[in-house]
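Sequence order for the protein chains is A and B. According to this note's numbering, the first sequence is numbered sequentially starting from 1. According to this note's numbering, the second sequence is numbered sequentially starting from 184.
Hint data in this document are derived by calculation from the structure and do not stem from the laboratory. Cβ coordinates follow ideal geometry from the N, Cα and C atoms, glycine included. Don't take every hint at face value.
Unchecked claim - Beta-carbon label-pair distances, calculated as ranges: (1) B:Val217 x A:Pro17: 38 to 48 Å; (2) A:Gln129 x B:Ser197: 14 to 24 Å; (3) A:Val85 x B:Glu216: 12 to 22 Å; (4) B:Ala232 x A:Glu145: 39 to 49 Å.
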Amino acid sequence: MSAPSVPNADDGDRVEPDAVAGLYRQHAGEIRAFLTGVLRDRELADEVLQIVFRRMLEKGHTATDNVRSWLFKVAWHEALLVRRVQTRRAGGLEKVASQRGFSVEIPEQSERSAVRQETVEQVQRAIDQLSPEQKAVVRKRIYEEKKFVVIAEELGVPLGTVLTRMRTALQKLQQTLGRYFED
Amino acid sequence: MTDLVRNSRPDDASLDWLAFRYVSGEMTDGEVEVFETQLAADSESFSLAACEAVAQAVQLCNMAVVAFDSEHKVMSEPVADLSASQKFTGQRESTARRVSIAASAAAVVAAGLILSSSDPERIDEVVSRETSPLPAGQLELASELVSFWANSDDELDFRFDEHPLLPAGEVPDTRTDDVPDWLFAAIQSQQSAGDESTRPEVMEN
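If we strip away everything but chain A, and leave its shape as in the complex, we get (with noise of 0.2 Å):
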């Protein structure tokens, strides 16, 4: 898979730093966002934002028309080069592990990124206007980290109702926090 293509420095493509700066502060939130998404590991999301504000940097960007949409691609293509070599690593890792007859867990990093008191206060408010059963579900997935499956089995009800509580909870809180996911 090839990168989307940067022009040659040379071409006169170049972002200047503080355009740059200026695209980091509106896109970057979103960025690592995504970013920790694809990669489930925070830290490894902020090593691999930065290759790609330095990469605009270095050699400018070749979107024509949606500087965002370039954004997410090459996230996506840096992303994807990280998590082979985590895969490899993880591999021998638990080879290794294997031939010596324990196992290897890689775990993975909670996510606590900095969230203003305001923003935090909101995003109460809004989990306490779900209902009881919505929120303990919101509270078991996100916050325990407890899979649906154990959920449904902890609260004694069918899989399906769990994700439908779940499903539910999440469009209203998406709907009171929508703006919060600006950058």
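For this one, chain A is given, so just place chain B on it according to the hints.
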């Protein structure tokens, strides 16, 4: 995972729901493969909306975690000293168990001292009466303590860390005669915790 797929309604194919399942690890490998074609830069199925949905799902989860975290910290403030070092129910429960053992043993020892010069055969009877609410394991410990005191002039040299009834590695502070901080805090925690069982349940309004 197959249940997850089977229980998904046709309209669950909305991007937001798919994105959330993707970032939560609630997709089968096949679903991940299909979904990621919408994220892949060089894919014909590339979808900016899908990328945005992934980013929003992560951001929503972040905010929810911080909100729940914030709620948890507020709820746990009355037990500040203990909560900092004992975040998990398992540790609180084992500490509470040690406290109940130590407190009951202390009561039994006090009763035993009175009886030690009288009728040793009554010791078991006293132990049984004074510690009747205790489970058998703690009763055995208390009884052993009293017997030790009653039958020996030596200073009590009972090492908690060697006793099989106590959790291994949990050694109370015996440097001074004062009630150790962990015991005092554990008692306060036990009194204030009440029927608290799990952390999540405490957080519910």
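Unsatisfied constraints (hint numbers, rising): 4
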